[in-house]
Each structure stands twice: as structure tokens, then as C-alpha cells.
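Engineer: Make the full structure from the sequences, and use the hints.
As you go down the protein sequences, you meet chains A and B in turn. Going from the first sequence to the numbering used here is simple: count from 1 and add 13. Going from the second sequence to the numbering used here is simple: count from 1 and add 35.
Hints in this document: simulated from the structure, not taken from any laboratory. Treat the hints with care, since some could be wrong.
Cβ pair distances, simulated, as ranges [as the list claims (entries may be wrong)]:
(1) A:Ile207 x B:Ile435: 48 to 54 Å
(2) A:Ser80 x B:Ile435: 37 to 43 Å
(3) B:Val328 x A:Glu40: 47 to 53 Å
(4) B:Val328 x A:Ser80: 46 to 52 Å
(5) A:Asp97 x B:Ile423: 39 to 45 Å
(6) B:Glu47 x A:Arg135: 17 to 23 Å
(7) B:Leu451 x A:Gly37: 16 to 22 Å
Footprint (simulated), chain A over chain B, 3 or more residues, beta carbon under 8 Å [claimed, not checked]:
(8) 346-353
(9) 445-453
Backbone N, C-alpha and C fix where the C-beta goes; we use that ideal spot for every residue, glycine too.
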Amino acid sequence: MSDNKSQIALEVNDITKVFATKAGIIEALRGISFVINRGEFVSIVGPSGSGKSTLLNIIGALDRPTSGKVYIDGIDIFSLRDGDIAAMRNKLIGFIFQSFNLINRSTVQKNVELPAIISDMRKQERKRRALLLLESLGVADKARLKTSSLSGGQQQRVAIARALINNPTMVLADEPTGNLDTKTGNEVFDLLRILSNKFRRNVIFVTHNQELAKKTDRIIYIKDGVIEREVLN
Amino acid sequence: MKISEIFKLSLEAMRERKARSALTIIMVLAGCGLMIALNGISAGQSEFIKKQLNTLAPNILFVNNGQRSFRGGGDTSQTPSIVINSIVVDRIKSLPYVSDVVPGYQAQVTLNAAGNVITSSVIATDPQKIYLVDPSLELIPGSSIQPNNPSAIIFGDSVANPPGKSTPFVTLGQTIRATYNYVDQDSGKQQQISKSFVVTGIIAPTGNNQLDRAVIINTASGDSLFNKGGKFDQMIVAANSADYVPAVQNEITTLYGTNIGITTPKAILEARERFTSGNNSFIQNVAFIALFVGAIGIVTTLYNAVNERIAEIGTIKAIGATRLFILLMFLFEALMIGLIGSTLGVMSGMVGAYALSSIGGPRPGIGGGGAMGFQRPIAPEFIPNDIIDVWILSVVLSVIAGLYPAWKASGLSPVLALKR
Numbered sequence: 014m015s016d017n018k019s020q021i022a023l024e025v026n027d028i029t030k031v032f033a034t035k036a037g038i039i040e041a042l043r044g045i046s047f048v049i050n051r052g053e054f055v056s057i058v059g060p061s062g063s064g065k066s067t068l069l070n071i072i073g074a075l076d077r078p079t080s081g082k083v084y085i086d087g088i089d090i091f092s093l094r095d096g097d098i099a100a101m102r103n104k105l106i107g108f109i110f111q112s113f114n115l116i117n118r119s120t121v122q123k124n125v126e127l128p129a130i131i132s133d134m135r136k137q138e139r140k141r142r143a144l145l146l147l148e149s150l151g152v153a154d155k156a157r158l159k160t161s162s163l164s165g166g167q168q169q170r171v172a173i174a175r176a177l178i179n180n181p182t183m184v185l186a187d188e189p190t191g192n193l194d195t196k197t198g199n200e201v202f203d204l205l206r207i208l209s210n211k212f213r214r215n216v217i218f219v220t221h222n223q224e225l226a227k228k229t230d231r232i233i234y235i236k237d238g239v240i241e242r243e244v245l246n
Numbered sequence: 036m037k038i039s040e041i042f043k044l045s046l047e048a049m050r051e052r053k054a055r056s057a058l059t060i061i062m063v064l065a066g067c068g069l070m071i072a073l074n075g076i077s078a079g080q081s082e083f084i085k086k087q088l089n090t091l092a093p094n095i096l097f098v099n100n101g102q103r104s105f106r107g108g109g110d111t112s113q114t115p116s117i118v119i120n121s122i123v124v125d126r127i128k129s130l131p132y133v134s135d136v137v138p139g140y141q142a143q144v145t146l147n148a149a150g151n152v153i154t155s156s157v158i159a160t161d162p163q164k165i166y167l168v169d170p171s172l173e174l175i176p177g178s179s180i181q182p183n184n185p186s187a188i189i190f191g192d193s194v195a196n197p198p199g200k201s202t203p204f205v206t207l208g209q210t211i212r213a214t215y216n217y218v219d220q221d222s223g224k225q226q227q228i229s230k231s232f233v234v235t236g237i238i239a240p241t242g243n244n245q246l247d248r249a250v251i252i253n254t255a256s257g258d259s260l261f262n263k264g265g266k267f268d269q270m271i272v273a274a275n276s277a278d279y280v281p282a283v284q285n286e287i288t289t290l291y292g293t294n295i296g297i298t299t300p301k302a303i304l305e306a307r308e309r310f311t312s313g314n315n316s317f318i319q320n321v322a323f324i325a326l327f328v329g330a331i332g333i334v335t336t337l338y339n340a341v342n343e344r345i346a347e348i349g350t351i352k353a354i355g356a357t358r359l360f361i362l363l364m365f366l367f368e369a370l371m372i373g374l375i376g377s378t379l380g381v382m383s384g385m386v387g388a389y390a391l392s393s394i395g396g397p398r399p400g401i402g403g404g405g406a407m408g409f410q411r412p413i414a415p416e417f418i419p420n421d422i423i424d425v426w427i428l429s430v431v432l433s434v435i436a437g438l439y440p441a442w443k444a445s446g447l448s449p450v451l452a453l454k455r
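Structural biologist: Below, the structure written as C-alpha cells:
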């Protein structure tokens, strides 16, 4: 039992999320529960409006559930104070967004270093890590350029590097290939695959793309806010 | 949390919108600069007046048959005047605590020196008594006071050497022609009397406008030139000491009531201080409003910046920034705008004060009379503590102005921000 528990990186327990809007009450998520083991590469698939991104936001503590709990490494994340939640996001979770969400006025290197700046990492160490990551992602030569001068694929690589600089245990990727062409999207997916296989990071990958989802360890299908089924690949 | 790193992020954001940041800085600069300039000009004027009065002997009273009096208490009403003649002079001389009374005439006279013509106020009095007004007064080398010489004339430095002119108006030993225009009482016609004088003395600069613009002939010459018939325009009354000035003033008032005008340096100073404190309050309020406008500019700029950078704020929160991190990011922008604007404002305010005060013009003197002519500009005075206070106020206002937008930014929900 205790071995099982030590293998569990993420536990989502009966999550419900209700939005009160002008159009009425919307139940975005209902009774969502699942577990992700260490090193697993899991995709969450579903149609638009199924609640995938809402679920990802709750797992990443960007949003609070109406009810239910989320445990990361055994810690009930919503029992933490706001400052501790932010620190947890900074150190344990790496985010990758569909629109990359880079800061255009800053250089590539500065963008990558940002989470490390927030975590108070020493300047030399964070520069070293940033350059190492950029090199391993094939964009080290762009380090001094502004991110707006990069292609979509390159920007997403920079976003991946940013997500990894603090050595998080979990990477949450919200449709990271959504704005990319097929080839580039596959390249980005392969990088995430390496993260999981080689570096034992948990990767939770929200996507519409069934083809890519089939290449992950497990698919969680969500429809109308509930888990329809889970498929082991 | 590394404060320096947050500072660098703020600086980056400011650099991205250089024009907007620059304009906001200019607003702060204008407010701070205006406050510094107005304070400097006001302090300079106060200092100028003090210096003027400090050159005057503290034991003198200026008495005239004019309609205004500086008795203090704000009494500036017009009243009937008396004729100041030798009887009045002797009467006042006999009062207790009075050491001397020096009567004089005064009139506007056209002076022609080798073809150069000016109009100046000329005082006809005992020239030896000018030391009563300013004991430290000096004449330039070669000058002499010739009280019994009907042709002797003494010039103040600003008349003899007009500011801004490369050549003097008069030099020692020069002959000049003085012409007095008047209306004949009997015929009602415009008449003229002219007389030649020789410049026997030039007063070294005293720092007192009234003395520097003085032109002095002896009493008898004045009586004949101005056709006054022994009716004096003014008197200088010297008390035994400064302590007796109020007593002498009371005695003269008891004798002649409000029929006579009395001016003392102390009364002028009191009136000036009343005016200055009221004026200063007004100036401070105007300048504060300008600073406040600058602060509103900061609120607007940062509020717009927050709205434009909502997605960025969401991202930074998503990667682990706390509310305090975001708050400081925007507050530091406000702080930098305040620091740069205030510092440049102090410098431009000082330059501006000098520029404004160098715009010269006719200025009346002190202690009776009112000669026309251009004055040396009154230099502004900058008190270090005042400058520091204004600088601090300007910076603090800037930071306060940044609080609301910074607070708004820090409180944004990351999910909602990321949706933008």
C-alpha cells in the first residue's frame, strides 16, 4: 500500500467545478477522480467545452474546485495558503500553453529564466540551466533574440524550456500543439515524450488530437464534465 | 524574492512603452518643477526684500505727505495730507527720542548726459545725511560730497551704470543737464526749468534698489529747480536707536494723526511677510495641484498597462509569482517614473526659476518714492530642505498613485487573465 502511495504523483479526488454565469449555473466538472503515477504521460481528450482545460487549471492550482481535493505528492494543494500554492506552482509544476504565453519584450533566455527568478535561484545557476535547456531543445542560438522573432515551433520549445527550468515533477500542457503545423506539433510532442520517458517527469497533455493521444501512456476521455472512460495504451 | 530582479522586469516594461513612460515622467516633472520654481522665486523675492531692508538703518522712519502709510495692521487708506515745511520739521525734531530729521524734495526730472536722456526721480536733500539711511554706504574713489555746492549731483550705481548697458550713463566730473517740467499754477501752462550739474559722486552698489537708483542734489538746488517754495515732499526721521522707532512713530501719529504717512523698515517687513505667507500658500496649492495631476497621469498609465498586460500577469502567476511579486512589479514602475520625474523636475525647476526671474522689468523701490528703470533680476533662492521635501513628496505621490493599478494587477485571477 505504502509503495503504491509513493508511486502516486497526482491524485484527483471527486472534483466538481460549478460556474455561475449570466446564462445560469454551469457544471463544468462532476465527480472527477483519477490517479497518475510517477513518470506517466497521460493525455486528457475531449470535445470543446468538455472541461479539459478547467480540469488542468484545477490540477495546476490556477483555479479552485467547487468541491473535491487534489493531492500532489501526497499534499492537499488547496489546503495550502495562497503564497504556498504559488510556490508549489513555481517549483513542482511546469505549464505549457497553447499560445506559448511568452513575454515578447523579453529575450528568449529571460523568458526561460523567469520561473527561476521567481524562485530566487542564483543568477549564475539559472543562466546555466536556461542555456542548457535551450541547447537541448535546439534553440540555444536564439537565446538573445526577442521571442516574437521566433517561429511557432521555436516559441513552443522556449515555453517548454521555461516549464522545465525549476525541475518540476509535473508538466501540464494545455493543447501545446494546437497552434502548430502537424510536423512541428509532432516534434513538440516528441520532446514531451522524452521528458516522460527519459527524465521521469509526469506529463499531463490536454489535446483534441487523437493520434497524438494514442502515443501517450494513458488517455482519459472527458465529455460533459465527467470521465467517460480511461484507456491504457 | 530578489527585489533587483523585479526592478529589472519593471524597467523592461517601461522600455517597451518608451513614449508613454516618457510622457508620464514629463507630467511628474512639470508638477515637481513648478513647485521648485515657484518656491525658489518666492524665496528669492523674500530674500531680496530682506536684503533691501537690511541695508537700511533700523532706526529710521520715512515720513511723507503722501496718502499711504505702512503703520502695520493693513491700514492703507487714503487720507488728506499736511504740508511738510520747516515748522513741521522743527516740531518733529523736538520730539523725544528723535536724533535727526532730514527733509527733502522729490520730483521726476529729465537728465541729459552727452545726448543720452533718461527720466529719473531726483531727491533734493542734505547729501551728507545719506549715511543716516545706510551707514555702510560707500562712494566710489574720486567721489566727494559737496553739501554747499549748488551744482553738485550724486548718482546711485544703477543710474550711473545702467544694468545691461556697455557704457555708463554718467562718469565722475561729467556735466549733465537736468530739466524739470511742471504746470504753472497761475497760467496753467506747461513750463520747464533746466539746470546744469556736475557729477561729484557715484554711490558704490549697495544692494538696495532705492539707494542704487538714487539721484541726489542739495536741498537748496531742489527748492529752486522744483519750485517747491519750502514745501517738502518727505522727511527721514532718525530715532535715537531702533528700540525707539515705535515710540517716535507714536509721537508723530499723536501730533498729526492720519494726515501724515509713516513708513518703517519693520512695518514693510511685516506687511511683506503677511503678503508672502498668503502668496506662498496660494503658490503651494497651485504647485500641489500640478503634482496631483502628474500623479493622476501615473494612475492612468499604469491602469492602461495592467489592462494591456493581463495575459502576461496571468502567465507570471501561473509560473508561480505571488501577489506581492506582481504588486511590486507595477509599484516599481510607478516608483521609477516618480524618481526620474522628480529628479528631472528639481533640475528643470531650478533652471526655470532662473529663466523666469531673469525676465526683468520696472520694480518699485522700498521706503518711499518710486523711480522707474530696469532692475537687475531677482535671483531665486533654493533652500536644500525645501528641495528635498518637494522631491520626496513628488516620489511618494507617484508611488501612492501606482498603488491602485498595482493592487488590481496583483489580485487578478490567473485563469481569467490567461483567457484574455
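Engineer: Confirm or reject each hint.
Structural biologist: Results of checking the hints against the structure:
At roughly 51 Å, the beta carbons of Ile207 (chain A) and Ile435 (chain B) sit within the given window of 48 to 54 Å. Evaluation of the 37 to 43 Å hint for Ser80 (chain A) and Ile435 (chain B) yields a pass: the beta carbon distance comes to about 41 Å. Between Val328 (chain B) and Glu40 (chain A) the CB atoms are about 50 Å apart, so this pair conforms to the stated range of 47 to 53 Å. At about 50 Å, the beta-carbon gap between Val328 (chain B) and Ser80 (chain A) stays in the expected band of 46 to 52 Å.
For the pair Asp97 (chain A) and Ile423 (chain B), the beta carbons lie near 42 Å from each other, so the given range of 39 to 45 Å is met. Here the CB-CB span from Glu47 (chain B) to Arg135 (chain A) is close to 20 Å, well matched to the stated 17 to 23 Å. The hint said 16 to 22 Å for the Cβ distance between Leu451 (chain B) and Gly37 (chain A), and at roughly 19 Å that hint holds. For a cut-off of 8 Å, the count of residues in the region 346-353 of chain B with a CB near a CB of chain A stands at 7, and the three-residue condition holds.
Counting residues of the region 445-453 of chain B whose beta-carbon sits less than 8 Å from any beta-carbon of chain A gives 4, enough to reach three: the coverage restraint holds.
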